[in-house]
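Read off the chains here:
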Amino acid sequence: SQTIHQWPATLVQPVGSPLSLECTVEGTSNPNLYWYRQAAGRGLQLLFYSVGIGQISSEVPQNLSASRPQDRQFILSSKKLLLSDSGFYLCAWSRSGSTGELFFGEGSRLTVL
Amino acid sequence: AQSVTQLGSHVSVSEGALVLLRCNYSSSVPPYLFWYVQYPNQGLQLLLKYTTGATLVKGINGFEAEFKKSETSFHLTKPSAHMSDAAEYFCAVSGYAGGTSYGKLTFGQGTILTVHP
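Sequence lines, in order, name chains C and G. Note that the numbering used here has the first sequence beginning at 273, numbered continuously upward. Note that the numbering used here has the second sequence beginning at 614, numbered continuously upward.
Here chain G stands alone, though its shape is the one from the complex (with noise of 0.2 Å):
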């Protein structure tokens, strides 16, 4: 069984500020973590996605992750803001499930992320 936690549902920072979004994670097997953002009223878009290999992964937009397995973290990050960056920020998980298959995404409730100006 996985579940996902993200700390903190609504998020502000100044722009030129840094981005700390949190996630920590459970999962029964070696996780897979995503970290997706949503612009009003579209789909989710795939910033970035750690699998095997580099702990600190890069995404789009200057944005980056790094994976702590001791700590079951996953913690999203950019060091200077953008007014741009205001979406909703969803942490997810899956994990190997066995021969060919993968469990589905586990979603975490999702954080609204606010930039002032």
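Chain C extracted, bound-state conformation (with noise of 0.2 Å):
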């Protein structure tokens, strides 16, 4: 069975400082992956999308940035965090010329003060 893990699940971080948020999915091959944020009454925001090795489309500008070094591994980076990056990120992943359906990780909670 495929299962998608994204970590770390807490991050508290000061204004300025880097982002690395990391997620992996097993059991499948050649997924399309996507970063989401969730901000507070804001719904979901896809910000990144991904239908293979270094193919990156980005949903909205911003500070943030995607990359995806092997098959099933998506990371969401920053070099300087700003006090509007704090939310709920969510990665998710797709079964390439499927409908569409999305299987979401567990979520990783960003903090910046």
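Treat the hints loosely; a few may be bogus.
As the list claims (entries may be wrong) - So these bits of chain G aren't anywhere near chain C, every CB distance computed over 10 Å:
1) Glu628
2) Ala667
3) Gly675
4) His688
5) Val728
As the list claims (entries may be wrong) - To spell it out: a stretch of chain G is covered by chain C in this simulated footprint if at least three of its residues, at any positions, have a beta carbon under 8 Å from a beta carbon of chain C; those stretches are:
6) 651-657
7) 719-726
Claimed, not checked - Derived CB-CB ranges, DEER-like:
8) Gly666/G to Leu355/C: 43 to 49 Å
9) Leu620/G to Ala311/C: 19 to 25 Å
10) Gly326/C to Ser641/G: 29 to 35 Å
11) Ser349/C to Ala630/G: 42 to 48 Å
12) Leu669/G to Ser370/C: 20 to 26 Å
13) Trp279/C to Glu679/G: 35 to 41 Å
14) Gly666/G to Ser289/C: 49 to 55 Å
15) Thr275/C to Pro653/G: 20 to 26 Å
16) Gln317/C to Ser641/G: 20 to 26 Å
17) Ser697/G to Leu385/C: 30 to 36 Å
Everything labelled a hint here was simulated from the structure, so no lab data went into it. C-beta: ideal position from N, C-alpha, C; glycine also.
Since each chain sits alone in its own frame, please combine them into the complex, following the hints.
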């Protein structure tokens, strides 16, 4: 069966510090991968998605970047965090050529102080 | 282009009462429709989905939803609410985009369900 893991689960960082959130998928190959953010009262915002290694599409301009160094690994990064980067970050995957159904990780709570 | 509107950001019901969460969609292609549930500080979990075939879809935890093309709706219902149903619910839509491609999910803004004893 397929599983998705992301870490860390909770992170408190000062403004201006770097960020790295990691997500891995097991039990499938060539998944589509996604990073979403949930800010309070703002629903789900798609940040990045990837259809293959090294292929990253950004949905919104922002202070964050994403990378996919391996088929089932997706990393969300920032060089210098802003207060507005605080939120709940969710990694998700879908099967290539599927109906778009997403499978979500457990989420990472980021607080920038 | 696709969009989803969830009517009511907060819904409150008594335990044992009917749960009705409303979702209307807009899609230029035949839609695939989903309902997800999110408990506090957790990821989203699929409740049910409609792709093709029977328009009344049954999901986990006693939930069901009916696809009504004429009304562009996909409302979520449960006959009798339980305290454990308290969570946030998201409706989402995708659709066939050509070749082997399917569109990314577009989510509604979510509805927080509160269940009173």
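Here is how each hint holds up against the structure:
No Cβ of chain C approaches the Cβ of Glu628/G within 10 Å, the least distance being about 26 Å, so the stated non-interface status holds. A cut-off of 10 Å between C-beta atoms confirms that Ala667/G is not in contact with chain C; the least separation is 15 Å. With a minimum CB-CB distance of about 21 Å to chain C, Gly675/G clears the 10 Å threshold, and the non-interface call stands. Every beta carbon of chain C lies more than 10 Å from that of His688/G, the smallest distance being close to 19 Å; the non-interface claim holds.
With a cut of 10 Å on Cβ distances, Val728/G stays outside the contact zone with chain C, its closest approach being about 21 Å. Only when three residues or more bring their CB closer than 8 Å to a CB of chain C does the claim for the region 651-657 of chain G stand; here the count is 4, and the claim holds. For the region 719-726 of chain G, the assignment as covered by chain C holds, since 4 residues bring a beta-carbon within under 8 Å of that chain's beta-carbons and 3 suffice. For Gly666/G and Leu355/C, the Cβ-Cβ distance of about 48 Å falls inside the hinted range of 43 to 49 Å, so the restraint holds.
The hinted range of 19 to 25 Å is satisfied by Leu620/G and Ala311/C, whose Cβ atoms lie roughly 22 Å apart. One distance hint, 29 to 35 Å for the beta-carbon pair Gly326/C and Ser641/G, holds here, with the actual separation near 31 Å. For Ser349/C and Ala630/G, the Cβ-Cβ distance of about 46 Å falls inside the hinted range of 42 to 48 Å, so the restraint holds. One distance hint, 20 to 26 Å for the beta-carbon pair Leu669/G and Ser370/C, holds here, with the actual separation near 22 Å.
Look at Trp279/C against Glu679/G: about 39 Å separates their beta carbons, and that is inside 35 to 41 Å. Taking 49 to 55 Å as the suggested C-beta distance range, the pair Gly666/G and Ser289/C conforms, at roughly 50 Å. Here the CB-CB span from Thr275/C to Pro653/G is close to 22 Å, well matched to the stated 20 to 26 Å. At about 22 Å, the beta-carbon gap between Gln317/C and Ser641/G stays in the expected band of 20 to 26 Å.
Look at Ser697/G against Leu385/C: about 34 Å separates their beta carbons, and that is inside 30 to 36 Å.
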